[in-house]
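Peer 1: This is what each chain is made of:
There are 2 protein chains.
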Amino acid sequence: MTVETKGKELNQYVQDSRKSFEQHLKELVDIPTVSADPAHRQDMDKCAARAAELLKSFGASAEVIQTKGNPVVVGEFHRSKDVPTVMIYNHIDVQPADASEWKSPPFDMKVDGDKYLGRGSTDDKGPALTVLYGAKYAFDNGVPINIKFCWELEEEIGSPNFEQFLKDNKEKLHTDYIAVSDTVWISRDRPAIGYGLRGLLGVIVKLKTGTKDVHSGLVGGLARNPIGELAKLISRCYDATTGEVKIPGFYDDVNAVSENEGKDFLASGFTVDAFKKAHELIKLRTEDNLEGATRIWAKPTFEVHGITGGYSGPGVKTIVPFQAEAKLSMRLVPSQDPEKVFKLFEDFVKKELPEAEIIREGALFPYMGERTGPEAEAAVKAMKEAFGKEPAFVREGGSIGAILSMQKVLGKSSLFLGLSLPEHGYHAINENYDWQQASGGMKMFVSYFKALSELKR
Amino acid sequence: MTVETKGKELNQYVQDSRKSFEQHLKELVDIPTVSADPAHRQDMDKCAARAAELLKSFGASAEVIQTKGNPVVVGEFHRSKDVPTVMIYNHIDVQPADASEWKSPPFDMKVDGDKYLGRGSTDDKGPALTVLYGAKYAFDNGVPINIKFCWELEEEIGSPNFEQFLKDNKEKLHTDYIAVSDTVWISRDRPAIGYGLRGLLGVIVKLKTGTKDVHSGLVGGLARNPIGELAKLISRCYDATTGEVKIPGFYDDVNAVSENEGKDFLASGFTVDAFKKAHELIKLRTEDNLEGATRIWAKPTFEVHGITGGYSGPGVKTIVPFQAEAKLSMRLVPSQDPEKVFKLFEDFVKKELPEAEIIREGALFPYMGERTGPEAEAAVKAMKEAFGKEPAFVREGGSIGAILSMQKVLGKSSLFLGLSLPEHGYHAINENYDWQQASGGMKMFVSYFKALSELKR
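These protein sequences, in sequence, are chains A and B.
The first sequence begins at 142 in our numbering and counts up one residue at a time.
The second sequence begins at 142 in our numbering and counts up one residue at a time.
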């Protein structure tokens, strides 16, 4: 079921598309593509096949490409070799959902007025489908651009096979521009375009001082305490009150946030109060809005995720633990290099606690796209036309492996033209998407494709 | 089955007692009096009844006294109101035992040459029975002293009902002297008499900064990290490398170890090397023997038993935890007061981390008996006569609630005339006792009762 596009006013097209959009979104949401659960492997194939059919029914070419893990769906509205190409990345796998916590079944999408309730509705099946509606209108109405689709099915598990997929299909995926539609605005009142990601360096530090827990009455005072020593090490690495990292050289490659960037951070609608409410936090390290936004988007961190070892039951059991493990990570910002930071960390730990064993976990580079220049201007124009407001340029505090892989293999940076809102319950129960963002998003992508097609190559 | 005592040489009596001792010890060990496991409640009653019968068959009076928990067995060889009274404390409940880890069934005592293998053989059924054999000989041979027995069945679970039992039976338990036979020598080559215990103050510090774990990409840098803040607090409380406690005033009431005490600590045979092997520790805070002994017996500690909160599975999960809990305790030495130390700790935490919640767990006073004076001399004489070597005066690093209760309710301090050896596997698998310690112990208690009876009251 598609909607007539040719010669139709964009507003009319979008209005006429509503029923069809809702029907197709339900088709996708109702397939439980939970990538974290191997039991859903067949649903992955089913959803990939359905997505490819959908692309074809809209007039695009489409194919399902196998990887060592879940497949990737690629498609294209191809105009000509002589016009520019843009690729939009989305993903159609979803987070797990515990049905008992939801007010309606997570994999049986319900339309509730303007709201679409179901797992994956906003992350990221809804935005993927929104792009497709916009792309069809642009293509059918002659916008001189080739539009490629890349729908991954392993995003929620860290894209373990995506980089190899890109390498294996590099020619097919050749593009001039990349946009990613998988991010969240800060506030419904203000469109947001993302251009930066933090990197990540995970490490485990282990200390073993014996072979079994020993009674502290027998050995306390003479025996070493590995949890105590790791606590000391952590406190030498950073001041948990302020968040300041004390590892020598850690901040050497960190760039200050420019005045313009800072203005945009605030323009996004970010406030410490809203942040606190959204994440249900009691008190933060600062109450200042600009400093708050800068801390999550543009400053590196040192974080303790857990300390294992010793006694963890109720009350106190007076043992001296024989081993302990600190689970740590550092979020990194442009232009910090995970390799270099790991070396700084390792040198510091070797000096402070030579017996500790350091285990390196995953590392991801930070990412910095362009917030100025013609491509960014095209995105600004599109957001403004569709949503009636100047968008704010923001960064993401997390790390998205797929974006780094696309930059590495395809040689293009990405802008993040997300459509989700804080109230959509990203990764939470009762996830939803809404017609306001879907309809606005369709128009935004039409404008974006037009604006891109007009750029000088 | 008892052995003729009257007019018999002590050595001959002890020699003749061996078969009988082994048979009675097996009767007691084969009843699995695991106080930590409520499923063994009936075994407690069974063992108490059997112990009372045993006391009676030896010619002592005996009764089983009920408490809110497990019963206590009391008995007496009563001579006259005109002679002094000594009470010996033992316990006949035992630690749990996992049969699959033992080389022979823990509750089916095996005699292997001089060794008696079974749970409770050395802790503390063997020593209890040893005292009984010595007491019978002393009594039957006219030593002018009343000898009382007090065999608890809740020692391994912290003596929760013992103080009330003492209060309820204060008249019956009236005594001039108390000895406790439930401690471990440092080395088989050197008898040890204990005279001091460390106290204990358990505390839990909780910090809550949100209502759920949050993704560190979204909030890291702005959100507080309760594990990091507790690690910092712990590092402010003590230097885990040296063990030095940094809470202001903490050491104010700590007395230095005298030169004589220090000499005795070393004379006990304590070495850092043996300690390391016994507890399977890799490296200690010092390699010096005197400092090592002082650290476990005569210095207070700050200990971290565990930190809960956050992620504890394999690898690293990049969440910012919303709450954390540090399980802590301080071992205290004479004349530190748990109340006063708690106040110092509380004041310090309130200043360093005002949002933290402090939960007080158990507290036990430190204990200091007399290592000089007539009673101590009687013990020295007895140990020397029986084992051929001058005993060393040592302290215990742990806390024994029963001893504090006896001092409080009965008004008498205790000396610890233990008979167990490090190689007996106290609280460990393949626990054992041996005829050398049993036979020496019988002689030692005979000498001890004689020496006590000769003291001026």
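Hints listed in this document are in silico derivations from the structure and should not be mistaken for laboratory results.
Among these hints, one or two may not hold up.
Identical copies look the same in the list; a pair holds intra-copy or inter-copy alike.
[Unchecked claim] No more than 25 Å apart at the CA atoms, straight line, and that leaves these computed lysine-lysine pairs for DSS-like: (1) Lys553 <-> Lys149; (2) Lys492 <-> Lys387; (3) Lys347 <-> Lys491; (4) Lys492 <-> Lys424; (5) Lys209 <-> Lys458; (6) Lys525 <-> Lys417; (7) Lys417 <-> Lys353; (8) Lys349 <-> Lys458; (9) Lys418 <-> Lys209; (10) Lys347 <-> Lys492; (11) Lys424 <-> Lys491; (12) Lys160 <-> Lys209; (13) Lys222 <-> Lys251; (14) Lys417 <-> Lys347; (15) Lys530 <-> Lys458; (16) Lys147 <-> Lys591; (17) Lys484 <-> Lys417; (18) Lys404 <-> Lys209; (19) Lys311 <-> Lys549.
Peer 1: Indicate, hint by hint, whether the structure satisfies it.
Peer 2: Hint check:
1. Lys553 <-> Lys149: neither (33 Å within a copy, 102 Å between copies)
2. Lys492 <-> Lys387: So Lys492 and Lys387 pass the 25 Å test inside a copy (14 Å) and across (23 Å) alike.
3. Lys347 <-> Lys491: Classified as within; 12 Å inside a copy, 31 Å across copies.
4. Lys492 <-> Lys424: between (34 Å within a copy, 17 Å between copies)
5. Lys209 <-> Lys458: Classified as between: cross-chain Cα gap 24 Å, same-chain 47 Å, threshold 25 Å.
6. Lys525 <-> Lys417: Neither: 28 Å inside a chain and 72 Å across chains, both beyond 25 Å.
7. Lys417 <-> Lys353: between (42 Å within a copy, 12 Å between copies)
8. Lys349 <-> Lys458: Close inside one copy (19 Å) and across copies (22 Å); limit 25 Å.
9. Lys418 <-> Lys209: For Lys418 and Lys209, the Cα distance exceeds 25 Å both inside one copy (41 Å) and across copies (50 Å).
10. Lys347 <-> Lys492: This pair counts as within: shortest intra-copy Cα distance 15 Å, inter-copy 31 Å.
11. Lys424 <-> Lys491: Between. Shortest inter-copy distance 17 Å satisfies the 25 Å Cα cut-off; intra-copy 34 Å does not.
12. Lys160 <-> Lys209: neither (37 Å within a copy, 73 Å between copies)
13. Lys222 <-> Lys251: Neither way: Lys222 and Lys251 sit 42 Å apart in one copy and 90 Å across, limit 25 Å.
14. Lys417 <-> Lys347: Cα proximity of Lys417 and Lys347: across copies only (21 Å, versus 33 Å in one copy).
15. Lys530 <-> Lys458: neither (59 Å within a copy, 37 Å between copies)
16. Lys147 <-> Lys591: within (15 Å within a copy, 116 Å between copies)
17. Lys484 <-> Lys417: neither (34 Å within a copy, 34 Å between copies)
18. Lys404 <-> Lys209: Close neither inside one copy (44 Å) nor across copies (70 Å); limit 25 Å.
19. Lys311 <-> Lys549: within (11 Å within a copy, 83 Å between copies)
Checked against the numbered hints given earlier, this structure breaks hints 1, 6, 9, 12, 13, 15, 17, 18; the rest are met.
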